[in-house]
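**Student:** Those protein sequence lines, which keep their order, are chains F and S.
The working numbering numbers the first residue of the first sequence as 1 and each following residue consecutively.
The working numbering numbers the first residue of the second sequence as 1 and each following residue consecutively.
FYI, nobody ran anything at the bench for these hints, they're computed from the structure.
It is possible that part of the hints are untrue.
Straight-line C-alpha distance at most 20 Å; calculated EDC-like pairs for lysine to aspartate or glutamate [said to hold, decoys possible]:
hint, chain 1, residue 1, chain 2, residue 2
1, F, K342, S, D25
2, F, K10, F, D45
3, F, K453, F, D45
4, F, K448, S, D25
Read off the chains here:
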Amino acid sequence: MKTIFESSVKGRKLTLLPESDVPAADLKAAKRETPLGLPEVSENDISRHFSEMAKATHGVNDGFYPLGSCTMKYNPKVNDEAASLPGFTNIHPLQPDHTVQGCIGLMKEAEATLCEITGMDRMTFQPAAGAHGEFTGLLLIKAYHRSRHDLQRNKIIVPDSAHGTNPASAVMAGYEVINIPSQEDGCVDLEALRNVVGDDTAGLMLTNPNTVGLFDKNILEITEIVHKAGGLCYYDGANLNAVIGIVRPGDMGFDCMHINLHKTFSTPHGGGGPGAGPVGCKAFLADFLPGMLPEGDDELKLVKPEKSIGMMKAFNGNFLILVRAYAYLIMLGREGIPEIAKNAVLNANYLRVMLAGKYVMPYKETCMHEFVMSLEHEKASMDVTAMDVAKALLDYGIHPPTMYFPLIVHEALMVEPTETESKETLDSLINAFTEIYDKALEDPEYIKSAPHKTIIERPDEVSAARHPKLRYIPEDK
Amino acid sequence: MGSFIANTDEQQQEMLSAAGYDSYDDLFAHIPEAVRLGRDLSIRRGLSEMEVIREMENLAEKNTVFKHIFRGAGSYDHFIPSIVKEVVAKEEFVTAYTPYQAEVSQGNLQTIFEYQTLMCELTGMDVSNASVYDGATAAAESVFMCRDRKRKSVVISGTVAPAVIDVIRTYCSGRETEITVVPAKDGLTDKEAVSAVLDSGTACLIVQQPNFFGNIEDADELCEAAHAAGAKFVMSVDPIAMAVLKTPGECGADIAVGEGQALGMPMGFGGPYLGFMTAAQKMMRQLPGRIVGQTEDSEGNVCYVLTLQAREQHIRREKASSNICSNEALCALTATVYLSALGPDGLKQAAGLSADKAHYLQQELAKAGFAPAYPQAEFFKEFVTECPVPADRLMAELEKHSILGGLPLADGKILWCATEKNTKEDIDELVRLAKEVIC
Ligand SMILES: Cc1ncc(COP(=O)(O)O)c(C=O)c1O
Numbered sequence: 001m002k003t004i005f006e007s008s009v010k011g012r013k014l015t016l017l018p019e020s021d022v023p024a025a026d027l028k029a030a031k032r033e034t035p036l037g038l039p040e041v042s043e044n045d046i047s048r049h050f051s052e053m054a055k056a057t058h059g060v061n062d063g064f065y066p067l068g069s070c071t072m073k074y075n076p077k078v079n080d081e082a083a084s085l086p087g088f089t090n091i092h093p094l095q096p097d098h099t100v101q102g103c104i105g106l107m108k109e110a111e112a113t114l115c116e117i118t119g120m121d122r123m124t125f126q127p128a129a130g131a132h133g134e135f136t137g138l139l140l141i142k143a144y145h146r147s148r149h150d151l152q153r154n155k156i157i158v159p160d161s162a163h164g165t166n167p168a169s170a171v172m173a174g175y176e177v178i179n180i181p182s183q184e185d186g187c188v189d190l191e192a193l194r195n196v197v198g199d200d201t202a203g204l205m206l207t208n209p210n211t212v213g214l215f216d217k218n219i220l221e222i223t224e225i226v227h228k229a230g231g232l233c234y235y236d237g238a239n240l241n242a243v244i245g246i247v248r249p250g251d252m253g254f255d256c257m258h259i260n261l262h263k264t265f266s267t268p269h270g271g272g273g274p275g276a277g278p279v280g281c282k283a284f285l286a287d288f289l290p291g292m293l294p295e296g297d298d299e300l301k302l303v304k305p306e307k308s309i310g311m312m313k314a315f316n317g318n319f320l321i322l323v324r325a326y327a328y329l330i331m332l333g334r335e336g337i338p339e340i341a342k343n344a345v346l347n348a349n350y351l352r353v354m355l356a357g358k359y360v361m362p363y364k365e366t367c368m369h370e371f372v373m374s375l376e377h378e379k380a381s382m383d384v385t386a387m388d389v390a391k392a393l394l395d396y397g398i399h400p401p402t403m404y405f406p407l408i409v410h411e412a413l414m415v416e417p418t419e420t421e422s423k424e425t426l427d428s429l430i431n432a433f434t435e436i437y438d439k440a441l442e443d444p445e446y447i448k449s450a451p452h453k454t455i456i457e458r459p460d461e462v463s464a465a466r467h468p469k470l471r472y473i474p475e476d477k
Numbered sequence: 001m002g003s004f005i006a007n008t009d010e011q012q013q014e015m016l017s018a019a020g021y022d023s024y025d026d027l028f029a030h031i032p033e034a035v036r037l038g039r040d041l042s043i044r045r046g047l048s049e050m051e052v053i054r055e056m057e058n059l060a061e062k063n064t065v066f067k068h069i070f071r072g073a074g075s076y077d078h079f080i081p082s083i084v085k086e087v088v089a090k091e092e093f094v095t096a097y098t099p100y101q102a103e104v105s106q107g108n109l110q111t112i113f114e115y116q117t118l119m120c121e122l123t124g125m126d127v128s129n130a131s132v133y134d135g136a137t138a139a140a141e142s143v144f145m146c147r148d149r150k151r152k153s154v155v156i157s158g159t160v161a162p163a164v165i166d167v168i169r170t171y172c173s174g175r176e177t178e179i180t181v182v183p184a185k186d187g188l189t190d191k192e193a194v195s196a197v198l199d200s201g202t203a204c205l206i207v208q209q210p211n212f213f214g215n216i217e218d219a220d221e222l223c224e225a226a227h228a229a230g231a232k233f234v235m236s237v238d239p240i241a242m243a244v245l246k247t248p249g250e251c252g253a254d255i256a257v258g259e260g261q262a263l264g265m266p267m268g269f270g271g272p273y274l275g276f277m278t279a280a281q282k283m284m285r286q287l288p289g290r291i292v293g294q295t296e297d298s299e300g301n302v303c304y305v306l307t308l309q310a311r312e313q314h315i316r317r318e319k320a321s322s323n324i325c326s327n328e329a330l331c332a333l334t335a336t337v338y339l340s341a342l343g344p345d346g347l348k349q350a351a352g353l354s355a356d357k358a359h360y361l362q363q364e365l366a367k368a369g370f371a372p373a374y375p376q377a378e379f380f381k382e383f384v385t386e387c388p389v390p391a392d393r394l395m396a397e398l399e400k401h402s403i404l405g406g407l408p409l410a411d412g413k414i415l416w417c418a419t420e421k422n423t424k425e426d427i428d429e430l431v432r433l434a435k436e437v438i439c
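Assemble the whole structure, with the sequences as input and the hints as a guide.
**Tutor:** Now the structure itself:
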């Protein structure tokens with residue numbers, strides 16, 4: 001597909017702006033000398049180009065997207081309509097409080113609702129994504145220990161099954177990461193945890209259900225071990241969809257957490273963002289929260305908490321994402337919210353049981369909203385890998401599950417169907433997986449060279465990294 | 001109650017049975033009683049879509065949408081072409097996620113590649129990432145790109161936006177990083193004072209162009225000063241100004257960062273916005289976040305993939321260059337469409353008109369008794385004036401006429417902004433009202 005630069009024709013343009021109605025300013029400062037290499041195209045060129053790009057992009061609207069750990073549920077359109085109201089889009093972030101009572105009111109209501117759902121007491125909407133939330137939460141933990149002059153707590157415990165952002169966030173917050181091995185069932189090894197906690201423990205980062213999709217039954221014991229050692233517990237909210245309305249992180253002993261609005265609360269993933277990662281905490285951490293919190297009853301104000309860790313982002317976070325999540329929250333309400341978890345868990349278990357005939361499930365017990373398969377057996381017997389099976393799914397118009405995560409399962413495929421998929425769609429995935437298995441037995445080369453119906457074959461990632469071409473360069477240069 | 005669940009009650013029963021459970025209670029039986037909520041959430045009942053949109057409209061109506069905006073300070077009311085809104089609403093772009101599966105994500109990947117190219121063109125730098133959360137976090141991430149074992153401290157000009165400085169402080173608060181903010185002098189970076197604090201422990205010098213007060217810095221000289229001390233030079237720039245001002249690349253900067261909101265995103269009460277980061281070739285492997293590269297498939301077709309992933313958290317975990325995972329991809333797409341729509345002439349026109357209007361506003365305000373605070377400095381689309389009356393009084397009067405005036409600063413001065421959207425008529429009206437207030 002041609003790049004937009006290759007469609008450029010000198011002198012072609014849109015008519016967007018009027019002529020000036022004031023005298024020209026005469027800037028004397030040093031000027032740009034390099035020509036401005038933006039494309040020169042018509043509006044029609046733009047429309048066609050990006051339509052072509054959209055057609056070559058698989059979205060949730062195109063078909064099933066069971067990408068584990070990402071909660072690719074349907075994105076309701078009413079959310080987008082709400083977020084495009086001029087009363088939200090045309091608001092400057094530095095308008096005085098009395099002119100943004102609607103925005104602050106929405107923040108206040110969203111905070112109250114999300115706190116009730118998570119069992120937290122206060123929440124900041126400044127973080128822009130899950131990882132940003134983790135970093136924020138760890139800085140809260142740091143501020144807490146500092147406020148108590150408990151300065152030797154420099155270690156964060158992270159299970160080896162954790163998402164990569166957990167250890168990376170801990171390092172950004174200035175902590176040493178202590179990786180602990182998981183038990184065979186993917187749950188926290190209590191002995192291993194007891195062995196590492198101590199008066200240097202700042203905290204633990206955990207998600208429950210864990211990254212293999214199992215609910216860790218020892219959760220109260222886990223959080224107690226950390227608390228007894230003087231550490232705090234951070235909940236990675238990526239898997240909240242599994243337990244929403246049924247179990248609250250606050251009741252599992254967690255002190256702070258993030259929520260991924262772009263996962264659990266149906267805001268679109270945007271091709272990689274923007275999302276939002278609000279951070280909730282128990283009351284004893286609330287004074288450290290970043291940014292501005294909504295306060296007041298009739299006359300609402302945004303107020304900076306007393307011992308705030310500072311600002312995590314300019315202004316009020318990804319506000320228009322919060323608007324979308326709020327529309328979703330009020331639409332589902334008290335009765336609708338628990339239905340999310342029930343159906344997400346049902347859909348995952350249905351798939352897990354139906355696929356267990358052909359494929360190896362390393363964990364046999366009831367899973368939560370997602371489960372992990374292991375293609376180790378297929379790799380050994382037919383030389384067909386998790387990647388090969390994933391690529392073969394592309395030919396069915398299905399976006400593959402998450403590959404090779406978590407790291408503790410070999411040849412992992414992590415499947416998260418979400419609650420918004422129908423039985424028919426789930427059956428189509430079961431059918432695709434079954435056909436791929438049978439085909440792999442009969443003609444492994446076909447699966448190893450999949451996909452066959454996409455616009456490109458498998459890309460050469462090695463040479464992409466070895467000889468990076470990271471921007472378009474015209475042929476004559 | 002609203003619901004987006006497809007399966008009927010009968011289907012759910014059928015699936016429960018097929019999976020070996022008699023009921024939902026059975027399905028959740030393994031969850032310990034002690035952690036279960038065991039009650040309904042104490043939140044409101046659900047609504048129909050019609051009620052939802054009505055309620056959202058009611059909330060939105062409680063906000064004041066100003067007809068005329070003369071406030072910037074990091075969020076700008078620039079014109080957004082219709083084609084931009086249309087393209088970025090395409091469901092494929094909206095609902096996809098990070099393009100992990102290149103074969104079904106070529107469109108998303110190629111637009112990121114085009115975005116990277118455009119940001120390099122704008123800033124005059126060699127390489128770009130696929131975006132970070134906003135301009136302030138981009139500046140903070142740049143510090144981590146420059147820090148090493150020997151050089152751990154950061155020097156920031158006091159003319160950088162306070163919100164950006166705050167975010168850098170917060171980002172650095174976990175790790176031993178000494179931050180020196182050098183107070184501004186007459187609305188500009190104090191070059192002597194900056195040179196005096198740069199030393200062999202300085203990782204980088206961060207300067208904003210145009211600066212928070214709207215003034216144009218002598219970036220060449222500051223770059224030289226940073227390099228003379230062996231420090232990196234980071235420029236935080238207004239992307240629209242890049243159409244006319246000397247670019248970070250031309251100044252010799254090592255990293256350029258900035259807030260991309262002006263490139264087609266609404267003000268949206270603060271987000272989502274676009275943090276852009278571009279760098280000189282030699283710093284490519286220090287960049288945080290996603291990067292797309294061009295390659296070929298097994299048939300030799302040109303295609304695109306996520307690349308240089310050995311920097312990233314999912315591979316390197318605690319050794320990653322950053323923790324960023326989800327970024328602001330749809331905002332990067334917005335900027336890509338915006339820059340394609342404006343083209344070189346359009347962007348120069350947007351920059352030129354903004355500067356023209358701001359200069360006219362400044363002259364008229366001066367005549368009305370609002371003296372420029374930094375008359376010797378040259379500015380772009382923002383500038384600071386004195387305010388002979390308490391700023392609140394002026395703002396209240398302007399608000400009555402649906403005008404959002406400049407941002408009152410702590411020292412009683414006002415930071416004004418104009419863009420191509422402000423007409424001469426609006427400016428004259430604003431000045432007339434301002435004059436009345438001080439009479
Ligand atoms: C378990 C887990 N934790 C954290 C994250 C990071 O979230 P984000 O991408 O919003 O930064 C993810 C994202 O995929 C995740 O799956």
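**Student:** Run every hint past the structure and note whether it holds.
**Tutor:** Hints, verified against the model:
1. K342(F) to D25(S): holds (10 Å)
2. K10(F) to D45(F): Given pair K10(F), D45(F) holds - Cα atoms ~14 Å apart, limit 20 Å.
3. K453(F) to D45(F): violated (27 Å)
4. K448(F) to D25(S): Not satisfied, since the Cα-Cα distance of roughly 42 Å exceeds 20 Å.
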